[in-house]
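For chain A, the structure is supplied; the task is to place chain B on it using the hints.
Okay, here's what each chain looks like letter by letter:
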Amino acid sequence: MNAPTEAYVALSGVLFAIGAMGVLTRRSAIMVFLSIELMLNAANLAIVAYARHWAGFDALAGLTGQTVVFIVLAVAAAEVAVGLGILVAIFRDRSSTDVDTLAEVRL
Amino acid sequence: MVTFTVLAVVMVVGALGVVLLKQPVHAALSLVGTLLALAVTYVTLEAHFLAAIQVIVYAGAIMVLFLFVLMLLNVKDIGPRRALPGVRWAAYATAVVLAAAVGVVAFWDGRPAPDPAVVSLHLQGGSAGGIGDALFGELLLAFHLVGVLLLTGVVGAVALVQRRAESTHGAPKGGGGPAPEGSTPLPGGRSAGALGSGGAR
Numbered sequence: 050m051n052a053p054t055e056a057y058v059a060l061s062g063v064l065f066a067i068g069a070m071g072v073l074t075r076r077s078a079i080m081v082f083l084s085i086e087l088m089l090n091a092a093n094l095a096i097v098a099y100a101r102h103w104a105g106f107d108a109l110a111g112l113t114g115q116t117v118v119f120i121v122l123a124v125a126a127a128e129v130a131v132g133l134g135i136l137v138a139i140f141r142d143r144s145s146t147d148v149d150t151l152a153e154v155r156l
Numbered sequence: 384m385v386t387f388t389v390l391a392v393v394m395v396v397g398a399l400g401v402v403l404l405k406q407p408v409h410a411a412l413s414l415v416g417t418l419l420a421l422a423v424t425y426v427t428l429e430a431h432f433l434a435a436i437q438v439i440v441y442a443g444a445i446m447v448l449f450l451f452v453l454m455l456l457n458v459k460d461i462g463p464r465r466a467l468p469g470v471r472w473a474a475y476a477t478a479v480v481l482a483a484a485v486g487v488v489a490f491w492d493g494r495p496a497p498d499p500a501v502v503s504l505h506l507q508g509g510s511a512g513g514i515g516d517a518l519f520g521e522l523l524l525a526f527h528l529v530g531v532l533l534l535t536g537v538v539g540a541v542a543l544v545q546r547r548a549e550s551t552h553g554a555p556k557g558g559g560g561p562a563p564e565g566s567t568p569l570p571g572g573r574s575a576g577a578l579g580s581g582g583a584r
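Chains as they are written, first to last, in my numbering: chain A, 50 to 156; chain B, 384 to 584.
Isolated chain A (complex conformation) (with noise of 0.2 Å):
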């Protein structure tokens, strides 16, 4: 009934190439960023799918698994507001968010 934990991680990692690929192909910051959400996502599903599985044999670690996603979520909405605010900022200095041409800081 209950699929396997295997299944879980498989899905995670398929979940995080594909954000991985967004990554690499897009070219506005703001699709960038939206990729990275949902690799964020796809390490948390991991997560759950493990605290699931190590719930059977501790009875501490399931719970303690599933409180590190909700860590994990409290430090993804603080990295989206202020990534968000740079986004913002960078718009109205340069009107695009073309990552290609972003190259102020680079050495």
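Relax, there's no trap hidden among the hints.
Rough simulated footprint, nothing fancy, chain B against chain A, three-plus residues with beta-carbon under 8 Å:
(1) 51 to 62
(2) 72 to 80
(3) 93 to 102
(4) 105 to 111
(5) 114 to 126
(6) 135 to 142
I should point out that these hints are in silico values taken from the structure, not numbers from a laboratory.
Given the structure is predicted, the values throughout are model-derived calculations rather than measurements.
Ideal placement from N, C-alpha and C gives every residue a C-beta, glycine not left out.
Below, chain B without anything else, positioned relative to chain A:
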């Protein structure tokens, strides 16, 4: 297993939509669909509180913030610079197939699957009480650090927006923090402006 298959198909199609759709708003809405399907997947993994938080925080707050910024910036449709269609699709297929293979092989060592009854007993359905016990017990340091991080994020977002106070675009980002408290609508429809000026003060 049928549930998982349906959810997996929905999530992979949504993820491909995020990467491949031309219109940024369409891509963002595709990501919303993926996140909602992920919330249902959390329910099948007995993480009910996380499923609720996923819908509220991710599909609700974060994606609305994304859509606000997309509409604000009016991002144009820019495609890839060089067209290599055959190579691109081969690379996509290779990445996805290899990722799935790694996911299966890395974990396929023949260990027995845990007893579902024991798992349900230990996870307590992923309730808020159990998660709170872990959050204020074993992960107390991480909890404190996340608090500092969120404060830093709010201050950083406000500082980024405040640089040009005379710009009319400054108001919406004042509510960019993940926890916009005090957003009670004032009479006269000034709720958004009041939130922005409160953050900039």
